[in-house]
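Novice: Chain residues, written in single-letter form:
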Amino acid sequence: MMTGVKTKTTEKFTEVFGSKAGTVYQSDREGCWYIDFAGKLVKFDYRTLLLLKKSIYRVDIEQLILDNGKSPEIEMVFICACNHCYFLSILQIIALKELLEGAFAMFELNQILHDRLHRMVV
Amino acid sequence: MKDIMRIKSLVSADIETLLNQQIKKEAHSSAMYLAMASWCNQNGFDYSSDYFFKQSEEERMHQLKLFKYVLDMGGRAVSPDVSGLKQDYTSLREVFEDALEAEIAITQSFKNIAATCMKEQDFVTFEFLNWFMKEQREEEYKARRALELFEVIGEEGTGLWEIDKHVNKIKYDSETAGA
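Residue numbers (my numbering), protein chains in the order written: chain A, 1 to 122; chain B, 1 to 179.
Please note that a few of the clues may not be correct.
Claimed, not checked - Taking lysine-lysine and the BS3-like style, the derived pairs with C-alpha atoms no more than 25 Å apart in a straight line are:
1. B:Lys-24 <-> A:Lys-54
2. A:Lys-53 <-> B:Lys-54
3. B:Lys-142 <-> B:Lys-171
4. B:Lys-142 <-> B:Lys-86
5. B:Lys-86 <-> B:Lys-54
6. B:Lys-86 <-> A:Lys-12
7. A:Lys-53 <-> B:Lys-2
8. B:Lys-119 <-> A:Lys-53
9. B:Lys-8 <-> A:Lys-43
10. A:Lys-12 <-> B:Lys-2
11. A:Lys-54 <-> B:Lys-54
12. B:Lys-2 <-> A:Lys-97
13. A:Lys-53 <-> B:Lys-68
14. A:Lys-20 <-> A:Lys-54
15. B:Lys-2 <-> A:Lys-54
16. B:Lys-142 <-> B:Lys-54
17. A:Lys-54 <-> B:Lys-68
18. B:Lys-8 <-> A:Lys-97
19. A:Lys-53 <-> B:Lys-8
20. A:Lys-54 <-> B:Lys-8
21. A:Lys-43 <-> B:Lys-171
Stated by the list, open to error - Some chain A residues judged to face chain B by a derived CB distance under 7 Å, without partners named:
22. Thr-14
23. Gln-26
24. Asp-28
25. Gly-31
26. Tyr-34
27. Thr-48
28. Leu-50
29. Phe-107
30. Gln-111
31. His-114
Stated by the list, open to error - Below, a sample of chain B positions facing chain A; criterion: calculated Cβ distance under 10 Å:
32. Ile-4
33. Arg-6
34. Ile-7
35. Ala-13
36. His-28
37. Ser-30
38. Ala-31
39. Arg-60
Hints listed in this document are in silico derivations from the structure and should not be mistaken for laboratory results.
Given the structure is predicted, the values throughout are model-derived calculations rather than measurements.
Idealized CB from N, CA, C, for every residue including glycine.
Using the sequences and the accompanying hints, generate a full structural model.
Specialist: In structure tokens, the structure reads:
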């Protein structure tokens, strides 16, 4: 699926951030993002991307690791107003968190560049 | 690539979260003052009851002001749950003590948001918060003055009756209040 995205739509998508586990792409034309992770490519708009970030950041990884009770070590990440949900293991949650952290750092950098280059009031 | 994040919203996700937390605090304050109005009314403190009814309305207005700001900036305003309200008080003094404590906590909360705005250089939200900062001056003054009535008048004899009568007359018209 990842190669499919790259070959088919190189001009349409910009890679925001990639890691071994997955990649975040931005579509300027559609004004949205695509996350290639855990074997599927999911489209996120501004609101759902922030909700995904919030729900992933909220997962208490330490508690999941320490909790050796009934927990199956799988977390379901469901995002309101989004047609998809993720079933992730602890390692995948860590990987998705890293991916999102990287992507949001890039967004911030992108914003700084836009502010400096395009939005400078002369 | 396009800066879609900025196009969609003027405020950052962190500031949006803080503003939503503040909306919840204002909703809690409004409900708390309503509970105080109820207690005062049940115990025969009519003027204090009116005072807290007005305070409750004011807090509700503050909540809406924040709520609309978040929406205007392209954010997501969350209608809050309000729970865990104290409904019973042991004395009129305790009611006013709680009111002052609540106002101090609200001022502190606004200071925290302002500090984050400064850190993020979000001067648009910072400017918006100025109205609330000024409002907190009045809110804290009124709550503090009400509590001082207990010292000045004293609770003995008809003291409580006098205090109740004076509560509604508290006004913040200091020359520092401005226009």
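Novice: Work down the list of hints and note, for each, if the structure agrees.
Specialist: How the hints compare with the structure:
{"no.": "1", "hint": "B:Lys-24 <-> A:Lys-54", "verdict": "holds (18 Å)"}
{"no.": "2", "hint": "A:Lys-53 <-> B:Lys-54", "verdict": "violated (40 Å)"}
{"no.": "3", "hint": "B:Lys-142 <-> B:Lys-171", "verdict": "holds (7 Å)"}
{"no.": "4", "hint": "B:Lys-142 <-> B:Lys-86", "verdict": "holds (21 Å)"}
{"no.": "5", "hint": "B:Lys-86 <-> B:Lys-54", "verdict": "holds (19 Å)"}
{"no.": "6", "hint": "B:Lys-86 <-> A:Lys-12", "verdict": "violated (56 Å)"}
{"no.": "7", "hint": "A:Lys-53 <-> B:Lys-2", "verdict": "holds (20 Å)"}
{"no.": "8", "hint": "B:Lys-119 <-> A:Lys-53", "verdict": "holds (22 Å)"}
{"no.": "9", "hint": "B:Lys-8 <-> A:Lys-43", "verdict": "holds (17 Å)"}
{"no.": "10", "hint": "A:Lys-12 <-> B:Lys-2", "verdict": "holds (12 Å)"}
{"no.": "11", "hint": "A:Lys-54 <-> B:Lys-54", "verdict": "violated (37 Å)"}
{"no.": "12", "hint": "B:Lys-2 <-> A:Lys-97", "verdict": "holds (23 Å)"}
{"no.": "13", "hint": "A:Lys-53 <-> B:Lys-68", "verdict": "holds (24 Å)"}
{"no.": "14", "hint": "A:Lys-20 <-> A:Lys-54", "verdict": "holds (22 Å)"}
{"no.": "15", "hint": "B:Lys-2 <-> A:Lys-54", "verdict": "holds (23 Å)"}
{"no.": "16", "hint": "B:Lys-142 <-> B:Lys-54", "verdict": "holds (12 Å)"}
{"no.": "17", "hint": "A:Lys-54 <-> B:Lys-68", "verdict": "holds (22 Å)"}
{"no.": "18", "hint": "B:Lys-8 <-> A:Lys-97", "verdict": "holds (23 Å)"}
{"no.": "19", "hint": "A:Lys-53 <-> B:Lys-8", "verdict": "holds (16 Å)"}
{"no.": "20", "hint": "A:Lys-54 <-> B:Lys-8", "verdict": "holds (17 Å)"}
{"no.": "21", "hint": "A:Lys-43 <-> B:Lys-171", "verdict": "violated (55 Å)"}
{"no.": "22", "hint": "Thr-14", "verdict": "holds (4 Å)"}
{"no.": "23", "hint": "Gln-26", "verdict": "holds (5 Å)"}
{"no.": "24", "hint": "Asp-28", "verdict": "holds (4 Å)"}
{"no.": "25", "hint": "Gly-31", "verdict": "holds (6 Å)"}
{"no.": "26", "hint": "Tyr-34", "verdict": "violated (13 Å)"}
{"no.": "27", "hint": "Thr-48", "verdict": "violated (11 Å)"}
{"no.": "28", "hint": "Leu-50", "verdict": "holds (6 Å)"}
{"no.": "29", "hint": "Phe-107", "verdict": "holds (5 Å)"}
{"no.": "30", "hint": "Gln-111", "verdict": "holds (5 Å)"}
{"no.": "31", "hint": "His-114", "verdict": "holds (4 Å)"}
{"no.": "32", "hint": "Ile-4", "verdict": "holds (6 Å)"}
{"no.": "33", "hint": "Arg-6", "verdict": "holds (5 Å)"}
{"no.": "34", "hint": "Ile-7", "verdict": "holds (8 Å)"}
{"no.": "35", "hint": "Ala-13", "verdict": "holds (6 Å)"}
{"no.": "36", "hint": "His-28", "verdict": "violated (22 Å)"}
{"no.": "37", "hint": "Ser-30", "verdict": "violated (26 Å)"}
{"no.": "38", "hint": "Ala-31", "verdict": "violated (26 Å)"}
{"no.": "39", "hint": "Arg-60", "verdict": "violated (27 Å)"}
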